[in-house]
Amino acid sequence: MSGIQESIIIRTVVRIMVPFIALFALYVIIHGASGPGGGFQGGVIFGAAIILYAMIYGIEDGKKIISDKVNRILSSTGLVLYAGTGLLCMVFGGKFLQYNAVPLFPNPAETAAILMDVVEVGIGITVLAVMVSLFFDISPPETEDDEMFPEEVEQ
Amino acid sequence: MKILALFAVLLAGGMLLYAGQDLPAFGDQNSPAYQHPMTTRFIEESENETGVYNIVTALLANYRGYDTLGETTVIFTAGMAVILLLRRREL
Amino acid sequence: MVTETIELITPVLAVLVSLVASVLILASDKYPNIREGWTFLAAFTKFGLVMSMLPLILDGKIITYTIVEMLPNLPIAFKVDAFGMLFAIVASFLWIIVSSYSVGYMRSLKEHAQTRYYFCFAIALSSALGIAFSANLITLFLFYELLTISTYPLVAHIETPAAISAGRKYLTYLMIAGVSLLFGTLVVYHYTGTTEFAFGGIAGLELLPKTMLTILFVVFMIGCAKAAFMPLHAWLPAAMIAPTPVSALLHAVAVVKAGVFTAVRIILYVFGVDLMQASNLWLYMAYFVSITIILASVYAMRQNNLKKRLAYSTVSQLSYVVLGALLITPHGITGGMLHIPYHAFMKITLFMCAGALIVTANKENISEMNGIARQMPITMLAFTVGALGMIGMPPVGGYITKWFLLLGAAELDNMILIAVLLVSAVLNAAYFFPVIYVAFFKKPDHELEYKEAPLTMLVPIVITALISILIGVWPDAPGMFLDIVNIAVANVTGGV
Amino acid sequence: MTGFEIIINNLPVLTVVIPLIAGFLTTITGWIDRRLCWYWVMLTMFVVVLITSSNLLTVINSGTIYYHLGGWMPPFGIEYVIDLLNGFVCLIIAFIGLMVAIYSKESVKKELPGKTIPFYSIFLLLITGLMGMTITGDIFNFYVFLEISSLTAYALIAMGDRGDGLVASFNYLIMGTVAASFILLGIGYLYAVTGTLNMADMQNILPDIYGSKVVLAALAFFMAGFSIKIGLFPLHAWLPDAYTHAPSTASALIAGLMTKVGAYAMIRFMFSVFTPAFVIDMTRTAEILTWAAALAIIMGSVFAIAQSDIKRMLAYSSISQIGYILLGVGLVNVIGMQGGLLHILNHAFMKCALFLVAGAIFYRTGIRNIYQFQGLGKKMPVTTLVFLIAALSMIGVPGTVGFTSKWYLALGSIEAGQWIFVLVILASSLLNVAYFWRIFDNIWFGNPHEKEHIKRDEAPLTMLVPMVILAFLCIFFGFFAYYPLHYILEPLSNTLLGIMP
Amino acid sequence: MIWILDISLLLFLVICAVAAITIKDLLSAVVILSAYSLIMAIVWVEMQAVDVAFTEAAVGAGVTTVLFIAALARTDGRSED
Amino acid sequence: MTGIMDIVYAEYNYWIYVALMMIGFYAMIAKKNLVKKVIGANIFQTAIFLFYISLSDITGGTAPIIVHGDHAAEVIYTNPVPHVLILTAIVVAVSTTAVALALIIRIYDEYGSLDEDVILAARRNLQPEFSEYARQKEVDT
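Chains as they are written, first to last, in my numbering: chain Y, 43 to 197; chain U, 14 to 104; chain B, 224 to 719; chain G, 65 to 565; chain W, 355 to 435; chain E, 71 to 211.
These aren't lab readings, by the way, just hints derived from the structure by calculation. A couple of the hints might just be wrong.
[Stated by the list, open to error] In silico DSBU-like pairs for lysine-lysine, Cα to Cα no more than 30 Å straight-line:
#, chain 1, residue 1, chain 2, residue 2
1, E, Lys102, U, Lys15
2, Y, Lys111, G, Lys443
3, B, Lys333, G, Lys442
4, G, Lys173, B, Lys333
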């Protein structure tokens, strides 16, 4: 991989492309309501952008964008957003995930559409975080001291 | 092992082919799956009820939103499982 | 005959006493004296509780108590009738005797794991009493299994590979028996909807087809393998590896008596006299146990180890009890039932003597016992009493039961059975007299000093020997075994 | 609407959503302080136990609960249906989950150092998956939760013995994927011919098309899939390795619950997706099932006798025990069915207790070979006593819950006229004695002289408490099996078999 | 004549599947699997399942392949069968 | 000619799906290499997805995204339900693959091989304390 990583052209192209891919991912998430796409696909594409960056610039650099800590928070946040929406519906007297129970707009369909967007964003965040974390974990460690399983000591 | 595997595979394949004879023809508009009120309602009412054009999205995030919550949980679980398997430090 | 039923918690208490004691024994692991104190306390309390019920039973009453209805129509319940009382008295009284004897034996030999020993002993006694008081097959099965499990550590007590393998054998036989018993119970429950013992047999069983009935009977008899019928007897000699008080308890009181008790219960209280007679099952079974009576005596003659010889003698004698019940005439049943306490007292005397020989003289084989009576005269006298009883010589108790059995057989005009009884008496003599001869009349190999067993052992031996004589001399003392047996027999045969 | 009302109205979904949310909040909790995780899981499981008991009580008092997720009426949305069967199974899951959660504190600290947070997260997600599978009335939703529970189980098993745990987990993963794919196929086939995913709706549509080969194939794929999932005898190859090499906590949880939920699913699909008439008369599935179960009962016990690793032995015994459940179900009479269903409860208690004991022994001594157990009776008296009680229950001694279920199974077999199954049940009891007795021999007998020096060294309190509770319940339900039988299992068996009481 | 396209795509699927499981070099196998997924996505577009096709292209051909390659980088890439 | 073609047209994706499924299933069971097993699992699952999507297809149908305009009433949409199910199932498949790959990496670290036979042999030889046979032997001696 080192050959590719050192190619200035590729590094530059990737640097330029990554934000655009991310933007496209956001578009896919929001566009899910009216065309193909949705939270899941968007999340995967966003994740792919970061994975691409990490492949070229190295995992350590990738972790500067999304550190383990951020990753952990993000992956939970997405689900909290989703399940929270469900619970919110319950608070307004509906069933779990019964969007139209929330009195956000007079038209229940409109409320549903908005909350579905929230849910899609939630999915997107979780998927993004988990995809990146999967890649970081599965790809080979870069430094020698990061050896996989030394004897572990309980603090 | 290979022979056993072949046998199992042929058994499963045979079952599928056997069942295939009674399967509704593909592309048939009169198939039970398409004629069931569920499908009909999704196609006709989803826009009014959920406010989105994409029926798949409407199903995914609204009618069967709970499945999707489960699906997201599966992803989260996979991430957690890989962390459990491959990380040596606490999260 | 009308029997009055009263509800009383005493039988439950009687069973619970030793269970509670077992916990206390475990708790006082570090203090042997307190530990043995609990044993004695429990033994006396238990005996007292059992005896307190005796007047009611002699009045012809029946005591019942339902603990819990486990499943519909499947309660864990106690019912004390005359026959159960008989076994309960024997078991609870002999526990006192054996406890005293155990203390002497175990301390003399400095045995290990004594706490476990007393613990299991107490549980075994609870189970024996539970069997005696069971109101139905399922309760009986529960305590039957508990008895098996709790005596296993006693059999395997010394923990040598040989002991453990003997224990395994013991367990294998008795577990198969247990499963068989359960199978029978299941069938009875399925066809009649109840498992409760009734004086004339469980109603509804007579409707079964003949083959089914026969199979059921065979299954039940396999279930009574604790009674050591001949093909299922192998566990009993193997279990001789246990410490002698255990052998005494196993062979005279708890386990084998539980086996024959169960067999009699099943023959008379599940199938009932009428059904046994109608189906002719009694005759086949009577011939079958006759084989055991004769064959076991022959085996006994060939044993040099005293405990083994006694074990085979037990196998033979137990079949008397079953034979008695199978004779289905009042006299025969009287003889069979009466043999339970009589054999218990005589056999426990014999075993305790054998144990005393081991502890004091360190002798197990008959061939080593030349002139041992000079060393231990009291023990050997007690032994002689027991042996005479076994053979059936007055004034020791044994002759009474044999008399009743012979009467029963004669009433049925069955020459084969009469012959069996007579031949077996001769065989009994043939294997007991040599022991007595060797002990009293052979010259010892070397000089022997007078040295009896410790008092805790000797006193029980003397007591049981005396009782063996007493029940022979004055069998119809009020409230003694014959009275109780008469009530039981009246119950099962529908009045005198 | 008050908060209380909101909670009461939504109890069915909270059964699943609470462990779910708690599961991914565990990462946050653990971030604050790692030790909080355990309390967090305990709290969650406790709440779940309360919810499931409340659900069950509601079902008993006022009948089946229907809950429409998202407010969409079935078949349009996903429906939760709690009847006696899954109310009962859910309570078992929650209860065993709580017990294992209590137990896990010390065990995880020792066996999985540095992995506390993901472990507890996965733990709660496993409970979520099992709950979701059990409670749902929608077959695709079932599949989703099946996958949640499977993935978590793979991860947990892989955490066990170095190397062996990984291979076991991988094999399980492959077999599990095959099973899940079969189930997915079955769902697809049923969807193709009915057009619905709701179980009740499907049951209404299916009788008209029972002649269809597709329906038959769907049934075959479901049966094959579930048989792999529960490790029915010839398809059990993954199970012993997986149970043996998993960490103690995971073994107890997975052995206590996974196969039970699999059996539940099998029952659910047989009787609530298809109809009794179809599985009993038209395809004779039930009969085939009883024979497979009888084979499993015997073979599982026989293999168990040959093992020297305690966990492996227990795993084989699980194969045998699952046979009891299926035997009872396959007998298709009310009594046998009650026995089979009671055995779900029964086996969850016993097997969980036994695995917890195995874990406790491993925790203190590092030994799993039963021939090295000498003197344990003196070292860990309470643990071994629990082991004795659970084993007696396994054998089926009266006064333990194992007896009751075997009694019903045997009666059911007689009623079905299948005497051979009575013999199978009795024979397997003997085999159970054989393989448990070897252990008792080693625990309490042997090496009498060395034993004098053994010091008492009992497992920590958090490990003892759940074991003792489970042992107590084994005995309690031995005497009072009447309550679950009368209030739950009898009406349930009648309903499942379509008999009006 | 759209079915000719369909059939050739589907046959190509089978070829890819067979190749993926027979080829000994694992990296090649994974790349072929990726191709398989991509063709599958095209087939689905053909069947008007655009959302699914999109997902399969992103996940099956994208993420799965990346994960496979990453994993292969940590193991040896040869297979005996 | 058209008759045969009709049959082929009506059923061809079904045959293909069965073939793919069998290929994947075979690889899962019979292949010794762990990665191959996972590849097989992917093929198997994707084949099932193909089946679902085939179910949803309607001849002359259009993607289930509501069309507005003049001809809106005439538009036939394909069945959206299987699409949703398969979206979920794809995610499940990738999750399973990820976990399987993580396991493979760990197994390779432990045994240095991905071949089932080699791993089995290694489990027997390298770690006698975990082998049943050795355990028994240890007890006997």
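Checking each numbered hint in turn, tell me which of them this model violates, lowest number first. 2 and 4
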